[in-house]
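Visitor: Just so we're aligned: 41 in UniProt numbering is position 41 of the first sequence, and the numbers increase by one with no gaps anywhere.
Derived by calculation from the structure, the hints in this document are not laboratory data.
This structure is a prediction, so every number in the text was calculated from the model and none was measured.
The beta-carbon is built from N, C-alpha and C at its ideal position, and this holds for glycine as well.
A few of these clues could be false.
Claimed, not checked - Label-pair restraints from in silico Cβ distances: (1) R495 - S367: 38 to 48 Å; (2) V265 - K184: 25 to 35 Å; (3) D397 - N534: 46 to 56 Å; (4) G352 - N138: 30 to 40 Å; (5) K292 - R463: 51 to 61 Å; (6) N46 - C157: 33 to 43 Å; (7) L365 - K541: 48 to 58 Å.
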Amino acid sequence: MNPRSKLFQGNFLHGKASIFTRNKQSSRPFCSSDSTATTPTSQSLNIPSLSELISKQHWSELKTHLKLNPTNSTTLLHHLLSSEADPGLTLRYFNWSQKEFRLSHPLELSFRLLHSLANAKKYSKMRALLDSFAKVENFHSNSLILHMVSMSGNSFCANSMIVDMLVLAYVRNRKTHLGLEVFKRAGDYGFRLSVFSCNPLLSGLVKESAIGDVEYVYKEIRRRKIEPDVITFNVVVNGLCKVGKLNKAGDVIEDMKAWGFLPNVVTYNTLIDGYCKMGRVGKMYKAESILKDMVANQVCPNEVTYNILIDGFCKDENVSAAKKVFDKMQRQGLRANVITYNSLINGLCCDGQIDEAINLRNKMLGSGVKPNVVTFNVLINGFCKKKMIKEARELFDDIRKQGLAPNAITYNTLIDACCKNGIMEEAIVLQSSMLEKGIFPDVSTYNCLIAGLCRKGDIEAARKLITDMEGKGLRADLVTYNIIIDALCKEGESRKAARLLNEIFKMGLSPSHVTYNTLMDGYCMEGNLKAAVNVKTRMEKEGRQANVVTYNVLIKGFCKKGKLEDANRLLNEMLERGLNPNRTTYEVVREEMMEKGFVPDIEGHLYNVSVGT
DNA sequence: ATATAGTATC
C-alpha cells in the first residue's frame, strides 16, 4: 500500500487535514459520502505485468485478465495513479476500462487522475476528461465534488485549475446552474478562478436571462479579485441591457473605466443595441448620442454598429432615419452586409413599402451580397401583410431555386397568412408538406393554426389541436394561452379567460404583457372598466409595468364609455412613465377624444407622432 | 469566451 492513498483514506474518513492540505482548507465543508474509495489489494493481481500491457496498449489481452472481476480494473487504476505511470497512458486506461466494463471509477480517482494530468501540464486532456464528466454528471452534490478535488491533490494551483475547468465544462454542456454552484463553492474554498470560466459562465447566465445571477457573479469577481478582461464587462453590460437595466449597464461601463479597461467597439454596440431594443422615450436619440460618445473616445463604429442603428430605427417605425444611417454607413466606407440589407428590407416591409423592399433586394443582388433565407422570410412576410399570397408563394418557390432551404419560420409565416386569409385548408397542406421536408412543425406553427381556428370562432377545434400538439410532445406556450384568452374574451367570456391566468402559473409559465393586455381588452369590450383596471393593478403587482398597449387598451375603453377625463389622466400617466405613444395611441385619441370635442393635454406630442419625427 | 436581421398572441 502506498503512503499517498493511506493518507488519503485517513484524511477522508476522519476529516482531518493531511500534510498535503493547507491549513486554510481544514475548515472546508465535510461530506460524509458514499466513500467508494477502495483499498487496493494487489494479492490477486499481477500489477507489474498488467502495467506492462497498458504501456504496450495490449487492450484485448488486458481485458481477458480483468474481466473475471471488473473491480480489479479500479484496483489497477489505483496503482497506476500511485505509481510513476505516464498520466496520458493512465487516462487512456481510465477511458478504456470505463467503456469496456461499463463502469464508473470512483469520483476520487477521477480527480486524482486530473491532478496527475495537471502536474504533467496535459491541459487539453484535462478539459476533455472534465467535459465527459460534466456530460453525465447530475447526481453528485457539488459540495462533494469540490471536497473530492481538494482531497485528491496537494497543489492549490492545480485545485484551482481543475475547478476552473469544471465550471467551464458544465457551462459548455448547458448545465449553467451546476457551473454557478461550483463557482459559489469555489469561493468557500478560496480557489482562484479565471476569465476562462467566469466569462463563459456569465455568458451562459445571460442566455438564460438569469440576471440576478449575472449580477452576483460580477460582484463576486470584484470581491474575490478575479482578473477580469474587457469581455467580462461586455457580457455583463449585455445581460443588463437585455433586461432593460440600461442605467446599470452604464454604471458597469464606468466601473470598467475605473478598473483601467477601455470600452471597445463591442461595449458600445451592446449599449446602443440595449437602447434600441429596451429604451423608452427618445431612445433613438440616446442611441445616436452613444454613437457620438464612441467616436469622441476614438472607438471606430463598425458594420455591426450601423446594423444595430438601422434595425433600431426600423423597429421605431422610422424607416427614413434608417435609410439615412444606411447611406452614412456607406459614406464611411463600410460595406452593407446581408444583415444590413435584411434589417432595412424588413423595415420597408413593415412600413408597407413592399415595392421599395423589392428594389432594395435587387440593389443588394447588384452589389454582390447574397440573400439568405432571412431575406426571403422578411419579403414573404411583407407580401403576406399586404395579403399578396400569390407573390409570397412565388418567393417561397424561389428559395429552393436559389439553392437555399426554407425553414420553420418560412413555413410559419405562410401558414399564418393562409389562416388570416380564411384558407385554413391551405395552411393544413403546408403543415403536412413541412413534415415531408423534414422540418418539424413547432409550437409557433400550431399557434398560427390555433389562432386561425379561434378567429373562426371554433374554440373547440382549437382545443383539439392543442391536445394533438401535446400528443406530439410539444407543450403549449404562453402565446398559445394568450390566443385562447383572446378567443374567450371575444366570445364575451372574460371571466373564463381570467381563470386561465392560474393555469399559466401552474404550467410554470408567467403571464406577459400580452396576456394582461388581452384580458384587459376583454373586460373593456364588456364595458367592465373596473375589472380592466384591476388587471392593470395585478400586472403591476407581478412586477410588470404597463406598456403602451396597456394604455391604449384602457384609454380606448374609457373613451368608449365617454370617460374622457379618465382617458386623459391615463395619457398623462403614460408620458410621465416615459412611455412613447404610438400610432394607435394617436388614432384612439383622434377618433375617440377629438371627435367629442375633447383636447388631450398631450395633443402636441401626439401630433408629432402622427406626422413622424 | 462578448455585440446586429426573419414567424405566431394584445
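Visitor: Could you work out which earlier hints the structure fails to respect and list their numbers in ascending sequence?
Guide: Those not satisfied are hints 1, 4.
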